[in-house]
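Chemist: Read off the chains here:
2 protein chains.
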Amino acid sequence: MGAMDPRVVIVGGGFGGLYAARRLAAQGASVTVVDKQNYHLFQPLLYQVATAGLSPGDIASPIRYLLGAYPSVQVTLAEVERVELEAKRLHLKGGGTLSYDTLILAAGVRHSYFGKPEWEAFAPGLKTLDDALDLRRRVLMAFEAAELETDEAKRAAWLTFVVVGAGPTGVELAGAVCELARFTVAKEFRRFDPKKARVLLVEGGNRVLAAFDPSLSEHAKASLEALGVEVRLGQRVTDLSADGATVNGSFVPAKTILWAAGVEAPSLARTVGVPVDSAGRIRVDEHCQVPGRTDVFVIGDLASCAGPDGQPLPGLCPVAMQQGRYVADLIVARAKGRALPPFRYVDKGIMATVGRAAGIAQTKRLKVWGLLGWLAWLFVHIIFLIGFRNRLLVLIQWTWAWLTYGRSARLITGTEPPKLPAA
Amino acid sequence: MGAMDPRVVIVGGGFGGLYAARRLAAQGASVTVVDKQNYHLFQPLLYQVATAGLSPGDIASPIRYLLGAYPSVQVTLAEVERVELEAKRLHLKGGGTLSYDTLILAAGVRHSYFGKPEWEAFAPGLKTLDDALDLRRRVLMAFEAAELETDEAKRAAWLTFVVVGAGPTGVELAGAVCELARFTVAKEFRRFDPKKARVLLVEGGNRVLAAFDPSLSEHAKASLEALGVEVRLGQRVTDLSADGATVNGSFVPAKTILWAAGVEAPSLARTVGVPVDSAGRIRVDEHCQVPGRTDVFVIGDLASCAGPDGQPLPGLCPVAMQQGRYVADLIVARAKGRALPPFRYVDKGIMATVGRAAGIAQTKRLKVWGLLGWLAWLFVHIIFLIGFRNRLLVLIQWTWAWLTYGRSARLITGTEPPKLPAA
Numbered sequence: 000m001g002a003m004d005p006r007v008v009i010v011g012g013g014f015g016g017l018y019a020a021r022r023l024a025a026q027g028a029s030v031t032v033v034d035k036q037n038y039h040l041f042q043p044l045l046y047q048v049a050t051a052g053l054s055p056g057d058i059a060s061p062i063r064y065l066l067g068a069y070p071s072v073q074v075t076l077a078e079v080e081r082v083e084l085e086a087k088r089l090h091l092k093g094g095g096t097l098s099y100d101t102l103i104l105a106a107g108v109r110h111s112y113f114g115k116p117e118w119e120a121f122a123p124g125l126k127t128l129d130d131a132l133d134l135r136r137r138v139l140m141a142f143e144a145a146e147l148e149t150d151e152a153k154r155a156a157w158l159t160f161v162v163v164g165a166g167p168t169g170v171e172l173a174g175a176v177c178e179l180a181r182f183t184v185a186k187e188f189r190r191f192d193p194k195k196a197r198v199l200l201v202e203g204g205n206r207v208l209a210a211f212d213p214s215l216s217e218h219a220k221a222s223l224e225a226l227g228v229e230v231r232l233g234q235r236v237t238d239l240s241a242d243g244a245t246v247n248g249s250f251v252p253a254k255t256i257l258w259a260a261g262v263e264a265p266s267l268a269r270t271v272g273v274p275v276d277s278a279g280r281i282r283v284d285e286h287c288q289v290p291g292r293t294d295v296f297v298i299g300d301l302a303s304c305a306g307p308d309g310q311p312l313p314g315l316c317p318v319a320m321q322q323g324r325y326v327a328d329l330i331v332a333r334a335k336g337r338a339l340p341p342f343r344y345v346d347k348g349i350m351a352t353v354g355r356a357a358g359i360a361q362t363k364r365l366k367v368w369g370l371l372g373w374l375a376w377l378f379v380h381i382i383f384l385i386g387f388r389n390r391l392l393v394l395i396q397w398t399w400a401w402l403t404y405g406r407s408a409r410l411i412t413g414t415e416p417p418k419l420p421a422a
Numbered sequence: 000m001g002a003m004d005p006r007v008v009i010v011g012g013g014f015g016g017l018y019a020a021r022r023l024a025a026q027g028a029s030v031t032v033v034d035k036q037n038y039h040l041f042q043p044l045l046y047q048v049a050t051a052g053l054s055p056g057d058i059a060s061p062i063r064y065l066l067g068a069y070p071s072v073q074v075t076l077a078e079v080e081r082v083e084l085e086a087k088r089l090h091l092k093g094g095g096t097l098s099y100d101t102l103i104l105a106a107g108v109r110h111s112y113f114g115k116p117e118w119e120a121f122a123p124g125l126k127t128l129d130d131a132l133d134l135r136r137r138v139l140m141a142f143e144a145a146e147l148e149t150d151e152a153k154r155a156a157w158l159t160f161v162v163v164g165a166g167p168t169g170v171e172l173a174g175a176v177c178e179l180a181r182f183t184v185a186k187e188f189r190r191f192d193p194k195k196a197r198v199l200l201v202e203g204g205n206r207v208l209a210a211f212d213p214s215l216s217e218h219a220k221a222s223l224e225a226l227g228v229e230v231r232l233g234q235r236v237t238d239l240s241a242d243g244a245t246v247n248g249s250f251v252p253a254k255t256i257l258w259a260a261g262v263e264a265p266s267l268a269r270t271v272g273v274p275v276d277s278a279g280r281i282r283v284d285e286h287c288q289v290p291g292r293t294d295v296f297v298i299g300d301l302a303s304c305a306g307p308d309g310q311p312l313p314g315l316c317p318v319a320m321q322q323g324r325y326v327a328d329l330i331v332a333r334a335k336g337r338a339l340p341p342f343r344y345v346d347k348g349i350m351a352t353v354g355r356a357a358g359i360a361q362t363k364r365l366k367v368w369g370l371l372g373w374l375a376w377l378f379v380h381i382i383f384l385i386g387f388r389n390r391l392l393v394l395i396q397w398t399w400a401w402l403t404y405g406r407s408a409r410l411i412t413g414t415e416p417p418k419l420p421a422a
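Protein chains in written order, with numbering that gives the first Met the number 0: chain A, 0 to 422; chain B, 0 to 422.
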């Protein structure tokens, strides 16, 4: 297809959008990628930025850079507010519009607070680099505040971290915050012992990492507890404030609460005017398209797409990548008058890490945990980090951090005024 | 000296404060370092963060980490608002106080706008990591806005960058922005040619880098012009707005203006109630102390300290480091009843860089420029970057960037709402 051919507009430069764009561009299709951020983010390592292990530049690259080699691709920095299906037009924040011939929605999801949006101020979630820098500021500030605080009870609240939700993000955050306290800053404070910091991981379900085999959940829980995380299963957070969380009816004084408990589609999804699931994700058919519309595809976390067992596919990078490639191939095939069989997700397994030397991974045939699980996790994440440079840098940084327990990016930046006790 | 000995309080964790703290701590003195940031910053490379070449974590380390090995050192994250000389007490923002026996003021300087503080909103300066991230956002956003803009004149304004002041920071910024446009993003935009971006370097004096020998200024100017920077000497900025700068009476439409034209002491300096120079810097005697007070020292950029020729010493890292060490030795000597000769600055030379393969450096005996000047600059800056890890990482990043013209940290982060044209 040449530059004057029908234009494919892709909303979102995450894994789904990026893989679709590259595949389409490689075949010369005209593509516009619209994203409200200028960067593609390697989200599986975002918790490392939030806990000062990596810098934003290590896990993110400009979308323009990643697609710069394809002359038929345009990148537009804008937020899409509304989709007009019949007019085949996107409405952008600030007033502009963008017309498409074919639309791929790959805008991802945001964290959700189960109908309590006011909780976000007390318990930020982790989806963007700005989220991660906010979390990093809060976590590092808590230790600074504890050093300035003279009241013992208040200091204890600064040194209590509550992580809500024990999916991969919650588990990784809890483990990393615990390591930060016990190793990285262990010798840097004079008025308290950072090792006494408490990290609570609160989960409503009856095990951590519920997407995994129960035996691996047990291994992960044991690893978390060995690190010092207090794992609280079957417990619910019923209230949150700037001073703590109410967990199963009892108040836990804690100045830092991190949210990893749920996701929902951005409001954009509802503007399309097609059926969505309970989390607001757009339901798609077996071709990843909005039922009845051959010109609109939804991929990645934003799509509610049934897997082989009838259950929706999980919100994982491999799902988004495979859908991105599939949809690109389908668009090209159809332009040539051909058809493609339905999308089929090839499940290569799932993995998660717990601290600096433990992890779990499972495929259909294999389960690994402990050091081996962690090595598997490390290997796969480095291989998939987009761009040679990042991969090498991250590897060096990790090696260094692993040897020294150091965390290189412990910088409190941002314009938010720190709310510290009077010194 | 033991932990119960007189306490030295150091305000500022820059080069002066850090070197003083380490020297004092190595001799067991009780030291408290107070800084409003949690990090020590390698300021000579800050322009690299502002132009997306390095990440904040590459040039900054937590002060706690750098001083963590000394049990007699405390670090306090707080902003000092006022010094009460007679009561020997500091007043902190938020209400607390901190008493000292001996005080070392090393709080540095901020950029100054020659009595036009309202210019700061249009032309931010470069002193902190947050400043650098703000500049980075503005520079990267300008290219994004140019891609969205359809009006040619407005696009040209987005693609015009004015750097005010041709000292080291101004020269380095102008060179780096020019390289960013001509090489790094050269192939990433579709609606304009980034190579046509204009970078103006406006300087009121009659040469760039006036602290250097005139022949080196000429070399630097030629290098800048070879890169594509429009060097405007003997020209003054008389007005600034969100849309441009008035330079020598004529208006230059430019959406991005970077300020590198002057510095002044923070308001803290005036609260001490002792004589200051025209930039608000505290005048000190030959022992780096406030005249007549053996308990208050001022070092680094904040001090107005006469050099051997009677002129004030320049605001350079080596001056701050040498003063920091001197003052530490003096305090220890006096505690033992001994005296020290006056402070004497050992001038090892000065250097600056212009883009990716040119620089100038001079010592009393030697002048180098071009590639040799750049290599000298590179060598010294890597040697002095505090901490092995940073040094290695920065070297790798630079090597990579040098080979590819890449800039790894081209991320638009921060909560400031982007002001883009409607797409």
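Don't read these hints as lab results, they were simulated from the structure. Be aware that one or more of the hints could be misleading.
Where chains are identical, the list cannot tell them apart; a pair therefore holds if satisfied intra-copy or between any two copies.
[Unchecked claim] Computed list of lysine-lysine pairs in BS3-like fashion (alpha-carbon distance at most 27 angstroms, straight line): (1) Lys366 x Lys194; (2) Lys153 x Lys35; (3) Lys115 x Lys87; (4) Lys363 x Lys347; (5) Lys153 x Lys92; (6) Lys153 x Lys195; (7) Lys87 x Lys35; (8) Lys153 x Lys186; (9) Lys363 x Lys194; (10) Lys126 x Lys347; (11) Lys195 x Lys87; (12) Lys194 x Lys35; (13) Lys115 x Lys126.
Chemist: Now look at each hint and say whether the structure bears it out.
Modeler: Evaluated hints:
Within a single copy, Lys366 and Lys194 get their C-alpha atoms no closer than 32 angstroms, and across copies no closer than 53 angstroms, so neither meets the 27 angstroms cut-off. With identical chains, the CA atoms of Lys153 and Lys35 are at most 27 angstroms apart between copies only, with a shortest distance of 22 angstroms across copies and 39 angstroms within one. Neither within a single protomer nor between protomers do Lys115 and Lys87 lie at most 27 angstroms apart by alpha-carbon distance, with minima of 34 angstroms and 50 angstroms respectively. In this assembly of identical chains, Lys363 and Lys347 lie within 27 angstroms of each other by CA distance solely inside one copy; the values are 8 angstroms within and 65 angstroms between copies.
Taking the shortest alpha-carbon separations for Lys153 and Lys92, only the inter-copy value of 20 angstroms comes in at or below 27 angstroms, while the best intra-copy value is 43 angstroms. In this homomeric assembly, Lys153 and Lys195 come within 27 angstroms of each other (Cα to Cα) only inside a single copy, at 14 angstroms, whereas the closest approach across copies is 57 angstroms. When the C-alpha separation of Lys87 and Lys35 is checked against a cutoff of 27 angstroms, the pair qualifies only within one copy, where the shortest distance is 20 angstroms, while the shortest distance between copies is 52 angstroms. In this assembly of identical chains, Lys153 and Lys186 lie within 27 angstroms of each other by CA distance solely inside one copy; the values are 21 angstroms within and 54 angstroms between copies.
Taking CA atoms no more than 27 angstroms apart as the test, Lys363 paired with Lys194 passes in neither setting, with 39 angstroms inside one copy and 52 angstroms between copies. Proximity of Lys126 to Lys347 under the C-alpha cut-off of 27 angstroms is restricted to the intra-copy arrangement: shortest distance 24 angstroms within a copy versus 48 angstroms between copies. When the C-alpha separation of Lys195 and Lys87 is checked against a cutoff of 27 angstroms, the pair qualifies neither within a copy, at 57 angstroms, nor between copies, at 35 angstroms. Taking the shortest Cα distances, Lys194 and Lys35 sit within 27 angstroms of each other only across copies (25 angstroms), while inside one copy they are farther apart (40 angstroms).
Only within a single protomer do Lys115 and Lys126 lie at most 27 angstroms apart by alpha-carbon distance; the minimum there is 18 angstroms, versus 40 angstroms between protomers.
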